[in-house]
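Just so you know, the sequences run in chain order A and B. Going by this note's numbering, the first sequence wraps up at 700, each residue one higher than the last. Going by this note's numbering, the second sequence wraps up at 339, each residue one higher than the last.
Treat each hint with caution, since some may be false.
Said to hold, decoys possible - In silico SDA-like pairs for lysine to any residue, Cα to Cα no more than 20 Å straight-line:
| # | chain 1 | residue 1 | chain 2 | residue 2 |
| --- | --- | --- | --- | --- |
| 1 | A | 527 | B | 304 |
| 2 | A | 559 | A | 629 |
| 3 | A | 527 | B | 222 |
| 4 | A | 527 | B | 197 |
| 5 | A | 538 | B | 226 |
| 6 | A | 538 | B | 294 |
| 7 | A | 538 | B | 196 |
| 8 | B | 271 | B | 220 |
| 9 | A | 538 | B | 197 |
| 10 | B | 291 | B | 196 |
| 11 | A | 538 | B | 170 |
| 12 | A | 538 | B | 222 |
| 13 | A | 527 | B | 290 |
| 14 | A | 527 | B | 271 |
| 15 | B | 290 | A | 480 |
| 16 | A | 527 | B | 221 |
| 17 | A | 538 | B | 188 |
| 18 | A | 527 | B | 188 |
| 19 | A | 527 | B | 296 |
| 20 | A | 538 | B | 296 |
| 21 | B | 291 | A | 538 |
| 22 | A | 527 | B | 196 |
Unchecked claim - Part of the chain A face toward chain B, derived, beta carbon under 8 Å:
| # | residue |
| --- | --- |
| 23 | 455 |
| 24 | 459 |
| 25 | 470 |
| 26 | 472 |
| 27 | 525 |
| 28 | 534 |
| 29 | 535 |
| 30 | 537 |
| 31 | 634 |
Stated by the list, open to error - Listed below are several chain A residues computed to face chain B (Cβ distance under 8 Å; list not exhaustive):
| # | residue |
| --- | --- |
| 32 | 469 |
| 33 | 502 |
| 34 | 506 |
Don't read these hints as lab results, they were simulated from the structure. Here a beta-carbon is modelled for each residue, glycine too, at the ideal position from N, C-alpha and C.
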Amino acid sequence: MNFELGDDVLAALKEAQRNEASSLGREILGQLIENAGIAQQESLPLCQDCGVAVVFLEVGQDVHVTGGDLSAAVIEGVRWGYTQGYLRKSMVNQPFSARKNTGDNTPPVIHTEIVPGNRLKISYMAKGAGSENMSRLAMLKPAEGREGLIEFVVRTVDEAGANACPPLVIGLGIGATAEGAMRLAKKALLRRIGEPNPDLETVELESELLSRINGLGIGPLGLGGSITALAVQAEVRPTHIASLPVAVNIQCHSARHGEVVL
Amino acid sequence: METQRINSPFETEVIEKLTVGTPVLISGIIYTARDAAHRRIVWSLDKGEKLSFDLEGQTIYYTGPSPTPPGRIIGSVGPTTSIRMDAYIPRFLAVGIRAMIGKGSRSPVVREAIKKYKAVYFVSLGGAGALLARTIKKVEVIAYEDLGTEAVRRLAVEDFPAIVANDIYGGDIFEQNIARYRREVR
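Let's have the full structure, built from the sequences with the hints guiding it.
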């Protein structure tokens, strides 16, 4: 995953290269596409920031895991992958004081969900900090509504500017609670670019947001241009009568994720 | 603008000619340092200790490379977000750092310090660490080895691509270029 960009992301970068108004922007997109080729051929990480390992486990309720601890197995997998794959270990202990590297990129962040069925789906995302650092949560007033939501999302991307390595993928979690919304926003990033949202009202929102974000002019790597985001992907859930939680989880152009179903 | 081939460390006359938006290919010596190394260097300076390496006139590249696979010179080695280093920068420029390479914009304080100390800030290709690895010809850890990826490394580079983002005249590439493509969408 760290060596190979998904074909959906690569296709989106190529389309962006065709549509970008700035010549410098087109040149940068060309270099990002070239980087993906080199990374794949030479088995080098696409980006030196090989990320926090974020793992989503969807465990079918009829699945019975035997022979050990599932979380421990995921942690061991992360340790093995980051060590054997010459991936950068970026996790530190004591975040507000000593900040000592854990040495093997553990612990991962694991989200577990119980779902119907007898399968186990494991999704993995290598989440870089440049884009994660620019992610934000707002607990809007219900009266702020759709317009308030749009204003908040666009402002968040504007503030992220060049720091988050555009062109970006914007993951949105709308509804639920504070922590529920951010988790939804992260999960929205697992969707393949171009895969349509099943809800028409949300499709319209995503498309309006994409157009507003690309109007910011930030462009590839923030050096000006008409393509600041490749996609806006939202997940929507019911919320409390008094709440309108909106979480923005920003993904850089090196959008690395994949899944297996056992 | 035409691409300029320049050699690091940079002469003052070279820095004076670099204006915002100029694409460059850098060859010569650059030093890597990011969050933890900056923190340690400033601790040492605060205590009046002498550093084991000389920063005067040098170029700092904000990066923490991925581990070097067997048979290679270095792993993936793209720039990290520069603004996290900003709190330390007036201090760094005061001791003679002349050039910085990273990604993203700088704070107004750093932009002022770049003017004052006649320094330059370049941006390179964020997220293109595999491509940039090809320009690195030699690597040597010279300080803080215990910091792993965050150790200070001396890199010999050849035609490392970057663009002038902040120059001694107060120019800022982000302000200039983004304004050109900004439009109101309703």
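Checked hints:
With a C-alpha separation of about 13 Å, the suggested pairing of residue 527 of chain A with residue 304 of chain B holds against the 20 Å cut-off. Pair hint residue 559 of chain A plus residue 629 of chain A holds up; C-alpha atoms about 14 Å apart against a cutoff of 20 Å. Between residue 527 of chain A and residue 222 of chain B the CA atoms are separated by roughly 14 Å; this keeps the pair inside 20 Å, and the hint holds. With a C-alpha separation of about 26 Å, the suggested pair residue 527 of chain A and residue 197 of chain B falls outside the 20 Å cut-off, and the hint is violated.
For the suggested pair residue 538 of chain A and residue 226 of chain B, the alpha carbons sit about 26 Å apart, so the restraint of at most 20 Å is broken. With a C-alpha separation of about 19 Å, the suggested pairing of residue 538 of chain A with residue 294 of chain B holds against the 20 Å cut-off. For a cut-off of 20 Å, the pair hint linking residue 538 of chain A to residue 196 of chain B stands: about 17 Å separates their Cα positions. For the hint pairing residue 271 of chain B with residue 220 of chain B, the CA-to-CA distance comes to about 34 Å; that exceeds 20 Å, so the pair is violated.
A distance of roughly 19 Å separates the Cα atoms of residue 538 of chain A and residue 197 of chain B; the hinted pair therefore holds under the 20 Å criterion. Between the alpha carbons of residue 291 of chain B and residue 196 of chain B the distance comes to roughly 28 Å, so the proposed pair goes past 20 Å and is violated. For a cut-off of 20 Å, the pair hint linking residue 538 of chain A to residue 170 of chain B is broken: about 42 Å separates their Cα positions. This hinted pair does not check out: residue 538 of chain A and residue 222 of chain B have alpha carbons roughly 23 Å apart, beyond 20 Å.
With a C-alpha separation of about 23 Å, the suggested pair residue 527 of chain A and residue 290 of chain B falls outside the 20 Å cut-off, and the hint is violated. Between the alpha carbons of residue 527 of chain A and residue 271 of chain B the distance comes to roughly 36 Å, so the proposed pair goes past 20 Å and is violated. Between the alpha carbons of residue 290 of chain B and residue 480 of chain A the distance comes to roughly 16 Å, so the proposed pair stays at or under 20 Å and holds. For the proposed pair residue 527 of chain A and residue 221 of chain B, the alpha carbon gap of about 12 Å is at most 20 Å, so the pair holds.
Only pairs whose Cα atoms come within 20 Å are accepted, and residue 538 of chain A paired with residue 188 of chain B is accepted, the gap being roughly 12 Å. Only pairs whose Cα atoms come within 20 Å are accepted, and residue 527 of chain A paired with residue 188 of chain B is accepted, the gap being roughly 15 Å. A C-alpha spacing of about 19 Å is found between residue 527 of chain A and residue 296 of chain B, which places the hinted pair at or below 20 Å, so the restraint holds. About 17 Å separates the Cα atoms of residue 538 of chain A and residue 296 of chain B, which keeps this hinted pair within 20 Å; it holds.
The suggested pairing of residue 291 of chain B with residue 538 of chain A is violated, with an alpha-carbon distance near 27 Å, which exceeds 20 Å. A threshold of 20 Å between alpha carbons decides the hint, and for residue 527 of chain A with residue 196 of chain B the separation of about 25 Å lies outside it, so the pair is violated. The criterion of a C-beta within 8 Å of any C-beta in chain B is not met by residue 455 of chain A, whose closest approach is roughly 14 Å, and the hint is violated. Because the beta carbon of residue 459 of chain A sits about 6 Å from the nearest beta carbon in chain B, less than 8 Å, this interface hint is met.
Checking residue 470 of chain A against chain B: minimum C-beta separation of about 6 Å stays under 8 Å; hint holds. Restraint check, residue 472 of chain A versus chain B: the minimum CB separation of about 6 Å is within 8 Å; hint holds. Hint status for residue 525 of chain A relative to chain B: holds, with the closest Cβ pair at about 6 Å, below 8 Å. Taking 8 Å as the C-beta contact cut-off toward chain B, the hint placing residue 534 of chain A at the interface is violated, the least distance being around 13 Å.
Checking residue 535 of chain A against chain B: minimum C-beta separation of about 12 Å lies over 8 Å; hint violated. For residue 537 of chain A, the interface hint holds, the least distance from its beta-carbon to any beta-carbon of chain B being 7 Å, beneath 8 Å. For residue 634 of chain A, the suggested interface contact is broken, since its CB lies about 22 Å from the closest CB of chain B, more than 8 Å. At a threshold of 8 Å, the smallest CB-CB gap from residue 469 of chain A to chain B is about 6 Å, leaving the interface hint in force.
Look at residue 502 of chain A: its Cβ only gets to about 38 Å from chain B, farther than 8 Å, so that hint breaks. Violation of the interface hint for residue 506 of chain A is found here, the shortest Cβ-Cβ separation to chain B being roughly 28 Å, above the 8 Å cut-off.
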